Amino acid sequence: MFNRDRWKEILEVLTTNWFRTVLTAFGVFWGILILIILLSAGKGLENGIRADFGDIATNTMFMWTRSTTKAHMGMPIGRNFRFKTEDVKTLREKFPQLRFISPRNQLGGFRGNNNVVRGIKTGAYNVYGDYPEIIQQEPMAITTGRFINQNDIDNKRKVAVIGLGVRNELYETGEDVLGSYIKIQGVNFMVVGTYKKRSGNGDGEEGQKEIYVPFTAFSQAFNQGNNVGWMAITAKDGFPITDLKTGIVNEMKRVHKVHPEDSRAVGFFDLYEEFNRVESLFGAMSFIGYFVGILVLLSGIIGVSNIMLIVVKERTKEIGIRRALGEDPWSIRKQILLESIFLTIISGMAGIVIGALFIYGVNALLEANGPVDMFMNPSVNLGVVSAALFILIISGLLAGFIPAQSAIKIRPIDALRTE
Amino acid sequence: MIEIKDLHKSYKMGSNSLHVLKGINFSVEEGELVAIMGSSGSGKSTLLNILGMLDEADEGEYVLDGIPIKNLNETKAANYRNKFLGFIFQSFNLINYKTALENVALPLYYQKLPRKQRQEKALQYLEQVGLKEWSHHLPSELSGGQKQRVAIARAMVAEPKVLLADELTGALDSTTSYEVMELIQKINDQGNTILVVTHEPDIAQMCKRIVHLKDGVIVKDEKVKQVRAKAHV
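As given, the protein sequences belong to chains A and L, one line each in that order. For what it's worth, the working numbering labels the leading residue of the first sequence as 1, then goes sequentially. For what it's worth, the working numbering labels the leading residue of the second sequence as 1001, then goes sequentially.
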């Protein structure tokens, strides 16, 4: 295979008719270029959407209470009830597959009144009572100080972690934040840390204007008793929350004496299901990319096969001479196959290189013009490239197969007769 | 060297079949220079093709240097052709994108000889036919006589047992023809067995033996007094 004369001959044959060779190569080049561009565009969309999800733990559901719509066990219809801190313990015992169960309480909300005061400055912020685990479910970067820890929970410390948005509004630039006090609905909390949330979509501003305080301190300071506003529940990897959620909701219904068929009383949102819907979209996109790309590539390959057939036809006499001189059929077949594979691989490589340059250009453009919604860093990974190369070799073989077969079918005596 | 017994060959032409060779018996000794003569359609080319293992006989025996040639698959036939036979064609049949040297070296390539040896040997044979200075020219840059001499060098390079020449002077003018025949005689003088198919009597006279073919049978097989081509050049 790595034979100087053979390669010399391949080059000689392919360069005798430059124009034809280039046109043929263009078919394969174009196919692989389209494949690469389609796959990278799909990947870009995927990257963009994934960035919007951020590093939020996706195997997560949220659960809250609403009024009942069915009377049950002597309880009237339209009853309001709240989750309790004991529910967390119950769930933890009944569902060992769960990784985090974070009970949460909240003050403020969308367009709430001013609820936080520092000196002469005031602001309206979302204030959450949380457990330390929340940082793993809803990741944020701690820029200074620390996040809430277990000691804060145990000792009901009145400490707070504020977002950069809060810091910018309540503090002067350069002012020391850590150790200072802010007044949340009349209760003083000491600031122990600041955070910054990474977010791709529109709520970036809102996300920075939050204050996190220990759940226990929140309950005590704002008279929540053992009420729980809602829960963020994350399951361990390998246990989709979608499979567990019915059991969890039913358990809550049982504990709170809600009719089992009351579908309104416990509200929930399954992030995992949403995420999976998007995931399957990614799958469909890459399928379309491969499908269309390979079909385009196929037409290029048919072109190569066609040209190789013509080449064999043109060289009928030459093949006859070689046979008469004693070249064995296998060697001729190998020659034709190698020519075909060589042509496909060279043009395919050119397609991959141009495709890579194209992706590079798009990336440079994106970088220069700032981020675009739902599109980020289009790329193809090494796996795709090697898959493309593999497809190329196979297709080169396929393209050469019929011509090679027809080449060895030529009987030397017939070949010599053609003038 | 060559032993043929009762050789038959017919071609199918649509529904008719054309009986070309109707029982050929003849043998060739080592070192002979045999002309096979006959008008067109007499079956001389068919006979040569069968001798060259390019075609297969329907019936009969063919023994080449003690080896029965029968039921060969393509690979084996190619191998035998390469080792035992050298072909010289009327239309030279050089590969036009290869230089004279590469053309001559081709049979050695199929024997998988190392590149260096191939080139040395090919050059040596080119020298023998007087074309050493032309070794790096393409066939298109050579004259008809030169092309045929390259073809002769190519046929000789693998040191075959028998040289088969099909109308080797058919495309050449008479002066060039005699030059080529002189070369053939020289090669024959070195002890090589050569079969020449021709329909030109003067070319046939330059061989040592003439076999006349007519309608698929040998009508006359005679030894002749060889006319040296040198006298005509």
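Because the hints were derived from the structure by calculation, they are not lab data. Just so we're clear, the structure is a prediction, and the values are computed from it rather than from any experiment. Note that the Cβ used here is the ideal one computed from N, Cα and C, for glycine as well. Check each hint, because a few of them may be wrong.
Pair ranges (Cβ atoms, derived) [as the list claims (entries may be wrong)]:
1) A/Ser299 with L/Ser1027: 58 to 68 Å
2) A/Gly383 with L/Ala1171: 58 to 68 Å
3) L/Asp1202 with A/Lys313: 34 to 44 Å
4) L/Thr1075 with A/Ile310: 19 to 29 Å
Hint numbers not upheld by this structure, sorted from lowest to highest = none
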